[in-house]
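Taken in order, these protein sequences are the chains called A and B.
With the first sequence counted from 1, adding 19 to any position gets you our numbering.
With the second sequence counted from 1, adding 132 to any position gets you our numbering.
The set of hints was computed from the structure by calculation and includes no laboratory data.
Where hints are given, some of them may not hold.
[What the hints assert, rightly or not] A few chain B residues facing chain A, derived, Cβ under 10 Å:
| hint | residue |
| --- | --- |
| 1 | A286 |
| 2 | L289 |
| 3 | R290 |
| 4 | S291 |
| 5 | N292 |
| 6 | E294 |
| 7 | L298 |
| 8 | G371 |
| 9 | P372 |
| 10 | R373 |
| 11 | R399 |
| 12 | A400 |
| 13 | D406 |
| 14 | L409 |
| 15 | Y410 |
Please read all numbers here as calculations on a predicted model, not as lab measurements.
Where is the CB? At the ideal position from N, CA and C, for every residue including glycine.
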Amino acid sequence: MSAQSIDHAAASARSIDHAAASAERFDVVVIGSGPAGQKAAIQAVKAGRTVALLEREAAIGGNCVHRGTIPSKTLRAAALRATTPLDGAQLAPNIEVRSLTSQLESVVAAHADYMQRQMQRNGVAYLPGRAGFVSPHELALRSVDGSSRTLFGDLIVIATGSRPREPREIPIDHENVLDSDSILSMIYLPRSLTVLGAGVIACEYASIFARLGVDVTMIDSGPRPLRFADGEIVDRFVAGFSRNGGRFIGGRKIASAAWDGISAVRTVLDDGSEVVSEKMLVALGRVANVEDLDLAAAGLAMDDRGQVPADENCRTAVPHIYAVGDVIGAPALASTSMEQGRRAICHALGLPPGHAPELSPIGIYTIPEIATVGLDEGQALERHGAIIVGRARFDEVARGQIGGITDGLLKLVADGSGRLLLGAHIVGEGATELIHVAQMALLAGFGIDAFIENIFNFPTLAEAYRVAALDVAEQRQALAAAPPAADRAA
Amino acid sequence: MRATTPMTQLMIGALASAPPSAGVQPYTLLHGALATRLERGDVELPLPPRVATEVLALTRDDDADIGRLAKLLHQDPALAGHVLRIANSPGYLPRSPIVSLQQAVTHLGFTLLSEIALVASMQSGVFKVRGYESELRGIWQHALASGGFAREIARKLRSNVESAFLCGLMHTIGKPLVLQTLVNESGKLGVAASRNDVRQLIDQFHIAAGGLLAKRWALPGAVCDAISSYASYTSGTAGPREPVITALADRLAFHLVDKETDESALRAHRAWVDLNLYPEDADHILARTDTVRGLVESMLL
Numbered sequence: 020m021s022a023q024s025i026d027h028a029a030a031s032a033r034s035i036d037h038a039a040a041s042a043e044r045f046d047v048v049v050i051g052s053g054p055a056g057q058k059a060a061i062q063a064v065k066a067g068r069t070v071a072l073l074e075r076e077a078a079i080g081g082n083c084v085h086r087g088t089i090p091s092k093t094l095r096a097a098a099l100r101a102t103t104p105l106d107g108a109q110l111a112p113n114i115e116v117r118s119l120t121s122q123l124e125s126v127v128a129a130h131a132d133y134m135q136r137q138m139q140r141n142g143v144a145y146l147p148g149r150a151g152f153v154s155p156h157e158l159a160l161r162s163v164d165g166s167s168r169t170l171f172g173d174l175i176v177i178a179t180g181s182r183p184r185e186p187r188e189i190p191i192d193h194e195n196v197l198d199s200d201s202i203l204s205m206i207y208l209p210r211s212l213t214v215l216g217a218g219v220i221a222c223e224y225a226s227i228f229a230r231l232g233v234d235v236t237m238i239d240s241g242p243r244p245l246r247f248a249d250g251e252i253v254d255r256f257v258a259g260f261s262r263n264g265g266r267f268i269g270g271r272k273i274a275s276a277a278w279d280g281i282s283a284v285r286t287v288l289d290d291g292s293e294v295v296s297e298k299m300l301v302a303l304g305r306v307a308n309v310e311d312l313d314l315a316a317a318g319l320a321m322d323d324r325g326q327v328p329a330d331e332n333c334r335t336a337v338p339h340i341y342a343v344g345d346v347i348g349a350p351a352l353a354s355t356s357m358e359q360g361r362r363a364i365c366h367a368l369g370l371p372p373g374h375a376p377e378l379s380p381i382g383i384y385t386i387p388e389i390a391t392v393g394l395d396e397g398q399a400l401e402r403h404g405a406i407i408v409g410r411a412r413f414d415e416v417a418r419g420q421i422g423g424i425t426d427g428l429l430k431l432v433a434d435g436s437g438r439l440l441l442g443a444h445i446v447g448e449g450a451t452e453l454i455h456v457a458q459m460a461l462l463a464g465f466g467i468d469a470f471i472e473n474i475f476n477f478p479t480l481a482e483a484y485r486v487a488a489l490d491v492a493e494q495r496q497a498l499a500a501a502p503p504a505a506d507r508a509a
Numbered sequence: 133m134r135a136t137t138p139m140t141q142l143m144i145g146a147l148a149s150a151p152p153s154a155g156v157q158p159y160t161l162l163h164g165a166l167a168t169r170l171e172r173g174d175v176e177l178p179l180p181p182r183v184a185t186e187v188l189a190l191t192r193d194d195d196a197d198i199g200r201l202a203k204l205l206h207q208d209p210a211l212a213g214h215v216l217r218i219a220n221s222p223g224y225l226p227r228s229p230i231v232s233l234q235q236a237v238t239h240l241g242f243t244l245l246s247e248i249a250l251v252a253s254m255q256s257g258v259f260k261v262r263g264y265e266s267e268l269r270g271i272w273q274h275a276l277a278s279g280g281f282a283r284e285i286a287r288k289l290r291s292n293v294e295s296a297f298l299c300g301l302m303h304t305i306g307k308p309l310v311l312q313t314l315v316n317e318s319g320k321l322g323v324a325a326s327r328n329d330v331r332q333l334i335d336q337f338h339i340a341a342g343g344l345l346a347k348r349w350a351l352p353g354a355v356c357d358a359i360s361s362y363a364s365y366t367s368g369t370a371g372p373r374e375p376v377i378t379a380l381a382d383r384l385a386f387h388l389v390d391k392e393t394d395e396s397a398l399r400a401h402r403a404w405v406d407l408n409l410y411p412e413d414a415d416h417i418l419a420r421t422d423t424v425r426g427l428v429e430s431m432l433l
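With the rest of the complex left out, here is chain A:
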């Protein structure tokens, strides 16, 4: 090290000491109290560190609790309760949306209360306010009442989450053109709804409102919704969506979309056709919440997607600053965000993080549910050359018939030998719970035959695993019995 750089390092250390002396000091400061931030805070405090958890919204929990995951799932549950799966009964016209989400306040309050108590019990200092960097170790925290304080963190975790993207060309007024944050604040269930986008949030709300009897049109530039998911599973979802009265328009770009100021939202597509609806939901992605942070003061910059770049350990370009959850981009799921928060702290504090999760299940709360884990058919073919796919329709299992859950499908993807399990994909009610059976089988290295040789409760939807595994076994026997290709040619 040169004399100049030693001087610089010493000056930097003096500067940090000075900053720490004039600020409230914590070992770890976590910005944002959503799933990622909470888990980071708890992991740090369990490791014996002093922790401050900062939150700019009115209550702990982030979007997951207050605007996203929990509210939409509450509406979903209400939609399923209000309409029977067998006859697709329609609700009375002009029903108030809040009557469908009457449970929401108590669910959210209970969840927020639980989290608040968990933080208190563990000694995490929960500090409401908008945080912004004033230096790489210092944050100014402004409270809603206008007061301000400075915090110093040896380690800082950015977990500020994301919000719906507002496309410049589509004016969102939160009254007629809504986003996923404001969609549940409508007074009445609309007669018709256009959904722009076909990702997870778009598909979830589109299928829920279609189930509630709303005339839903979902529009996307891609040929099919949920492009990352198994095609056959998605086709089943689209078929169910259509049976509930929904319509998917794929492969079309939006020429214009706006409230006409009179009575409808008008969407003009690139082929000149027009879709008219009472309300619109714009679900065209999300953007990271970084506007309050003043990242430059910390020596950080956003990437070209507006997210905070971080490595596989969630460490940013500034070594003592980590970023976790939606703010670093995909997969942006509550489940993966929690794990990122925990692992970031483990990495920063030199704690063993445990085995890296190789398999993250994905659960999509559409009607019907979709869940997936491991490789899909395309990925499996690419890696293994040949595959065998076993299928079980829910109408083939007794529990499906008993519960009226007959439109489900479970697929097991096996290697070419038909013995190694590579992935599982499910569409149908209960999919997001069922998928964990496959996840555990994959993690434990169980083969296809484990589903045949072991006992499942009867009647359950899990029986579909055995049916699909038997399908794989039947195909591998047929392949083994078939003469080699050369013999067939002869």
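For chain A, the structure is supplied; the task is to place chain B on it using the hints.
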């Protein structure tokens, strides 16, 4: 539809048993009469404004079209005139003078027209209290300003925009009802209340009266909550936001219309914190005052 809330019942009971502070006999008599009537629900409740109800129904009709709306407005000459006046006002910037209702409907749009219809027909048709026209006008002015500010607050919060205007507009709907009932009771009892007494009695009883009216008119749940709870919501508790938005809009309306509070007192109101609106958010909302003023000026009869 919501029944009268326990809070409202409690309030009525408390008011009925509490001695009025003024102690003046007409005040005492009228206080007792009002409390008794409201407790029993024995108040002459007006029907909801017919044209407004039909206009609102039309906006939720699958087959609604502009022609039908124009035809409906023709049935109420006062309302039609009001619509034309607003359509030609500087706030809505017509390219050329608007002379027909069809033109006005096309220019203003379905939603705005339904709001105008609701506001105008309530102002002109629902409550008539001779001798108290200026009080009534003040009540509507305040209601309109509250509706305008509530919408601005909700837009900043990115939620509840659709219900906010209605909550703000209707949160004091009990006031004209109390005024009308007071005038009727004064006649029956042969007493005359002072203007100050009238104001105090309106303030004390309008929430209970509004609750009765909301129930009769089958107003949406959010509006019922705003009417019953805007003045008494509890800080820091989870619950619907509409009463808090309405409470803040109410204060902003007093600031705008009645110049009641100075800005520092307004900024210190607890609802800002309860809605998690930071000082810069307050700046944004206060900067919309001219928009709200324009709304009030154009919609007030």
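How the hints compare with the structure:
A hinted interface residue such as A286 of chain B counts as satisfied when its beta carbon comes closer than 10 Å to some beta carbon of chain A; here the least separation is about 7 Å, so the hint holds. A distance limit of 10 Å between C-beta atoms decides the matter here; for L289 of chain B the minimum to chain A is near 9 Å, and the interface restraint holds. Proximity of R290 of chain B to chain A holds as hinted, the smallest CB-CB distance being about 5 Å (cut-off 10 Å). Because the smallest distance between the Cβ of S291 of chain B and any Cβ of chain A comes to about 4 Å, under 10 Å, the interface hint for this residue holds.
Taken as an interface hint, N292 of chain B checks out: its beta carbon lies about 4 Å from the nearest beta carbon of chain A, inside 10 Å. With its C-beta approaching chain A no nearer than about 5 Å, E294 of chain B sits inside the 10 Å limit, and its interface hint holds. Given the 10 Å rule on beta carbons, the hint for L298 of chain B holds: about 8 Å separates it from the nearest Cβ of chain A. Taking 10 Å as the C-beta cut-off, the interface hint given for G371 of chain B holds, the closest approach to chain A being about 6 Å.
Nearest Cβ of chain A to the Cβ of P372 of chain B: about 7 Å, under the 10 Å cut. The hint holds. For R373 of chain B, the interface hint holds, since its Cβ comes within 10 Å of a Cβ in chain A; the closest pair sits about 9 Å apart. Because the closest C-beta pair between R399 of chain B and chain A is about 8 Å apart, less than 10 Å, the hint holds. Interface hint at A400 of chain B: satisfied, since its Cβ lies 9 Å from the closest Cβ of chain A, which is below the 10 Å cut-off.
Because the closest C-beta pair between D406 of chain B and chain A is about 8 Å apart, less than 10 Å, the hint holds. Annotation: interface hint on L409 of chain B holds; nearest CB of chain A at approximately 7 Å, less than 10 Å. A cut of 10 Å between beta carbons decides the hint on Y410 of chain B: the least distance to chain A is about 5 Å, and the hint holds.
When each numbered hint is compared with the structure, no violation occurs for any of them.
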